[in-house]
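Residue numbers (this note's numbering), protein chains in the order written: chain A, 1 to 230; chain B, 1 to 144.
Certain hints may be false.
[What the hints assert, rightly or not] Below, simulated SDA-like cross-link-like pairs (lysine to any residue); rule was C-alpha separation at most 20 angstroms, straight line:
id: 1; chain 1: B; residue 1: Lys127; chain 2: A; residue 2: Tyr93
id: 2; chain 1: B; residue 1: Lys139; chain 2: A; residue 2: Tyr93
id: 3; chain 1: B; residue 1: Lys48; chain 2: B; residue 2: Glu85
id: 4; chain 1: B; residue 1: Lys127; chain 2: B; residue 2: Ile12
id: 5; chain 1: A; residue 1: Lys98; chain 2: B; residue 2: Ser134
id: 6; chain 1: A; residue 1: Lys106; chain 2: A; residue 2: Ala210
id: 7; chain 1: A; residue 1: Lys106; chain 2: B; residue 2: Gly39
id: 8; chain 1: A; residue 1: Lys98; chain 2: B; residue 2: Ser60
id: 9; chain 1: B; residue 1: Lys139; chain 2: A; residue 2: Gly207
id: 10; chain 1: B; residue 1: Lys139; chain 2: A; residue 2: Ala210
id: 11; chain 1: A; residue 1: Lys106; chain 2: B; residue 2: Glu85
id: 12; chain 1: B; residue 1: Lys127; chain 2: A; residue 2: Gln187
id: 13; chain 1: A; residue 1: Lys73; chain 2: A; residue 2: Tyr183
id: 14; chain 1: B; residue 1: Lys48; chain 2: A; residue 2: Leu137
id: 15; chain 1: B; residue 1: Lys127; chain 2: A; residue 2: Gln196
id: 16; chain 1: B; residue 1: Lys127; chain 2: A; residue 2: Glu222
id: 17; chain 1: A; residue 1: Lys73; chain 2: A; residue 2: Leu225
id: 18; chain 1: B; residue 1: Lys48; chain 2: A; residue 2: Gly87
[As the list claims (entries may be wrong)] Away from chain A, derived, C-beta distances all over 10 angstroms, residues of chain B:
id: 19; residue: Ala15
id: 20; residue: Gln16
id: 21; residue: Arg19
id: 22; residue: Ser22
id: 23; residue: Gln23
id: 24; residue: Pro56
id: 25; residue: Arg63
id: 26; residue: Thr77
id: 27; residue: Ala106
id: 28; residue: Thr110
id: 29; residue: Arg124
id: 30; residue: Ala135
These aren't lab readings, by the way, just hints derived from the structure by calculation.
Being a predicted model, the structure only gives us computed values, none of them experimental.
Where a beta carbon is used, it is the ideal one built from N, C-alpha and C, also for glycine.
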Amino acid sequence: MAPRNTPKPSPFGPRLTEYTPEKVMKNPGPVANPVFQDALNRVVTRLLTGSTDLSGFGLDGAGGGSGAARRRKQNAAIMNIFNRRQGEANRFYAGQEKQATSTINKAMEDFLASLGGPTAYQNAPVPNLPQTQMGLLAQLQQYGASPEMAQAQQATDAAYAQQMQDIFNRSNQQMQGTDEAFYRSLQAGARGGQAQSLMALANLMAGLRAQTQSETAGARDELLLRALGL
Amino acid sequence: MSDFSAWGDFGISEAQARRRRSQRTIANEQAATLGQLRGQRNLLNIQKQYQEGFQPLVASYGRRGLGGPNVQSGIRTRGLERFAEQLQADLGAETSRMTDELRGIAQDETNAQQELEDYLADLRLQKALAAMQSAMNIKQFAAY
Chain A
1 MAPRNTPKPS
11 PFGPRLTEYT
21 PEKVMKNPGP
31 VANPVFQDAL
41 NRVVTRLLTG
51 STDLSGFGLD
61 GAGGGSGAAR
71 RRKQNAAIMN
81 IFNRRQGEAN
91 RFYAGQEKQA
101 TSTINKAMED
111 FLASLGGPTA
121 YQNAPVPNLP
131 QTQMGLLAQL
141 QQYGASPEMA
151 QAQQATDAAY
161 AQQMQDIFNR
171 SNQQMQGTDE
181 AFYRSLQAGA
191 RGGQAQSLMA
201 LANLMAGLRA
211 QTQSETAGAR
221 DELLLRALGL
Chain B
1 MSDFSAWGDF
11 GISEAQARRR
21 RSQRTIANEQ
31 AATLGQLRGQ
41 RNLLNIQKQY
51 QEGFQPLVAS
61 YGRRGLGGPN
71 VQSGIRTRGL
81 ERFAEQLQAD
91 LGAETSRMTD
101 ELRGIAQDET
111 NAQQELEDYL
121 ADLRLQKALA
131 AMQSAMNIKQ
141 FAAY
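Start from the sequences and build out the full structure, keeping to the hints where you can.
Written as structure tokens, this is what we have:
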């Protein structure tokens with residue numbers, strides 16, 4: 001995902017958050033004043049721990065005094081503002097995630113409710129027409145002939161038709177089972193899509209939170225350094 | 001079929017599928033009706049043909065001295081019984097043909113209903129997946 005926006009260049013050069021203590025100590029870069037660099041390293045280390053107490057770094061003159069107290073109060077106010085901002089951002093993202101999660105789950109519920117089940121092969125009709133009886137019974141009896149052979153033929157035809165009907169009924173039952181398996185696969189597909197969407201949403205919101213947190217911390221650090229007169 | 005997404009065409013795909021189903025049902029009903037009429041006519045013709053042929057058959061036995069008021073002939077009896085058996089066999093064949101035709105139409109109806117149900121179920125699945133994906137995608141623009 002492309003960054004949502006590009007931070008403005010800081011008048012102090014690269015953003016302070018890029019100078020981790022490890023990075024600075026390993027590769028100090030072109031720094032004219034080693035005292036400033038040392039103080040900067042310690043300030044950065046202290047800020048990264050989340051502390052608002054920047055006293056004792058030799059940046060506000062010897063000892064403490066009203067200037068130091070005022071600066072500490074100012075730093076605390078800056079931290080408070082940005083912490084509140086970060087908290088509001090977290091609440092905003094939590095609300096967005098909850099809303100999207102609700103929408104995703106509702107889509108899943110609606111799908112399951114509308115899916116129903118296959119009905120086409122359930123009790124599907126299989127026609128079996130009754131055998132027509134030959135119409136020479138009276139004539140046969142008139143001449144002393146028996147209808148037994150004709151009746152045997154009729155019974156054979158009826159049995160054959162019944163066999164065919166049974167075969168078709170069994171086929172329809174098998175098709176019903178196949179259809180039910182297909183519907184189960186649709187449900188599994190929906191559940192997979194739901195899980196995938198929820199995971200992608202979680203990743204997205206985590207990325208947005210991290211980006212906001214990074215930008216907030218960067219802006220906070222800039223103001224802190226500015227308040228320190230750096 | 002519409003080229004839109006599953007539900008972006010606002011139900012056109014579903015409506016078209018249902019319409020095709022109805023058309024197929026109408027065609028099957030017509031085929032079944034015509035088939036039954038044709039079959040009934042054939043059965044009547046077979047009955048009539050054998051009815052009209054019975055007396056000439058009896059007369060043919062009489063001409064050969066195998067029939068008559070004072071003659072009891074096993075040959076004639078067997079002949080008449082086989083004649084009746086053949087009539088029954090022809091009627092059975094025509095009934096079987098009618099049954100097969102009707103069974104094919106019924107199976108086509110069943111298959112058409114299955115195709116429709118499966119298509120609609122798949123359509124609903126695509127709709128649900130699209131809704132889930134959209135709900136996730138739109139949050140990309142949820143910048144604080």
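Okay, the hints, checked on the actual structure:
For the hint linking lysine 127 (chain B) to tyrosine 93 (chain A), the alpha-carbon distance of about 26 angstroms lies beyond 20 angstroms, and the restraint is violated. The straight-line distance between the Cα atoms of lysine 139 (chain B) and tyrosine 93 (chain A) is roughly 9 angstroms, inside the 20 angstroms bound, and the hint therefore holds. Simply put, lysine 48 (chain B) and glutamate 85 (chain B) have alpha-carbon atoms about 15 angstroms apart, close enough for the 20 angstroms limit, and the pair holds. Restraint check: the Cα-Cα separation between lysine 127 (chain B) and isoleucine 12 (chain B) comes to about 13 angstroms, which is no more than 20 angstroms; the hinted pair holds.
Between lysine 98 (chain A) and serine 134 (chain B) the CA atoms are separated by roughly 15 angstroms; this keeps the pair inside 20 angstroms, and the hint holds. For the given pair, lysine 106 (chain A) sits about 28 angstroms from alanine 210 (chain A) by alpha-carbon distance, which is inconsistent with the 20 angstroms threshold. For the hint linking lysine 106 (chain A) to glycine 39 (chain B), the alpha-carbon distance of about 55 angstroms lies beyond 20 angstroms, and the restraint is violated. In summary, the hint linking lysine 98 (chain A) to serine 60 (chain B) is not supported, as the alpha carbons are separated by about 96 angstroms, beyond the 20 angstroms threshold.
Taking the CA atoms of lysine 139 (chain B) and glycine 207 (chain A), the gap is about 11 angstroms. The hint holds against a cut of 20 angstroms. Of the pairs offered as hints, the one joining lysine 139 (chain B) and alanine 210 (chain A) holds, with about 15 angstroms between alpha carbons and a cut-off of 20 angstroms not exceeded. Proximity of lysine 106 (chain A) to glutamate 85 (chain B) is assessed by CA-CA distance (about 68 angstroms); at most 20 angstroms being required, the pair is judged violated. Annotation: proposed proximity of lysine 127 (chain B) to glutamine 187 (chain A) holds, straight-line Cα distance about 13 angstroms (limit 20 angstroms).
Proposed proximity of lysine 73 (chain A) and tyrosine 183 (chain A) is contradicted: the alpha carbons are some 66 angstroms apart, above 20 angstroms. Distance hint between lysine 48 (chain B) and leucine 137 (chain A) is fulfilled; the C-alpha atoms sit about 14 angstroms from each other, no more than 20 angstroms. At roughly 15 angstroms between alpha-carbon atoms, lysine 127 (chain B) and glutamine 196 (chain A) fall within 20 angstroms of each other, so this suggested pair holds. Distance hint between lysine 127 (chain B) and glutamate 222 (chain A) is unfulfilled; the C-alpha atoms sit about 48 angstroms from each other, more than 20 angstroms.
Restraint check: the Cα-Cα separation between lysine 73 (chain A) and leucine 225 (chain A) comes to about 14 angstroms, which is no more than 20 angstroms; the hinted pair holds. Of the supplied pair hints, the one linking lysine 48 (chain B) and glycine 87 (chain A) is violated, its CA atoms being roughly 96 angstroms apart against a limit of 20 angstroms. At roughly 16 angstroms, the least C-beta separation between alanine 15 (chain B) and chain A is larger than 10 angstroms, which holds for a residue marked as non-interface. With a closest Cβ-Cβ approach of about 18 angstroms to chain A, glutamine 16 (chain B) is found to remain outside the 10 angstroms limit, as its non-interface label requires.
Non-interface status of arginine 19 (chain B) relative to chain A is upheld: no Cβ of that chain comes within 10 angstroms, the nearest being about 18 angstroms off. Annotated as non-interface, serine 22 (chain B) keeps its C-beta farther than 10 angstroms from every C-beta of chain A; the closest such distance is 15 angstroms. The Cβ of glutamine 23 (chain B) lies farther than 10 angstroms from every Cβ of chain A, with a closest approach of about 17 angstroms, so its non-interface assignment holds. No Cβ of chain A approaches the Cβ of proline 56 (chain B) within 10 angstroms, the least distance being about 12 angstroms, so the stated non-interface status holds.
Non-interface status of arginine 63 (chain B) relative to chain A is upheld: no Cβ of that chain comes within 10 angstroms, the nearest being about 15 angstroms off. Residue-level check failed: threonine 77 (chain B) sits 5 angstroms from the nearest beta carbon of chain A, not beyond 10 angstroms. Alanine 106 (chain B), annotated as away from the interface, has a beta carbon of chain A within 10 angstroms; the closest lies near 5 angstroms. At roughly 4 angstroms, the least C-beta separation between threonine 110 (chain B) and chain A is not larger than 10 angstroms, which violates its mark as non-interface.
Some Cβ of chain A comes within 10 angstroms of the Cβ of arginine 124 (chain B); the nearest lies about 5 angstroms off, and the non-interface call is violated. Alanine 135 (chain B), annotated as away from the interface, has a beta carbon of chain A within 10 angstroms; the closest lies near 4 angstroms.
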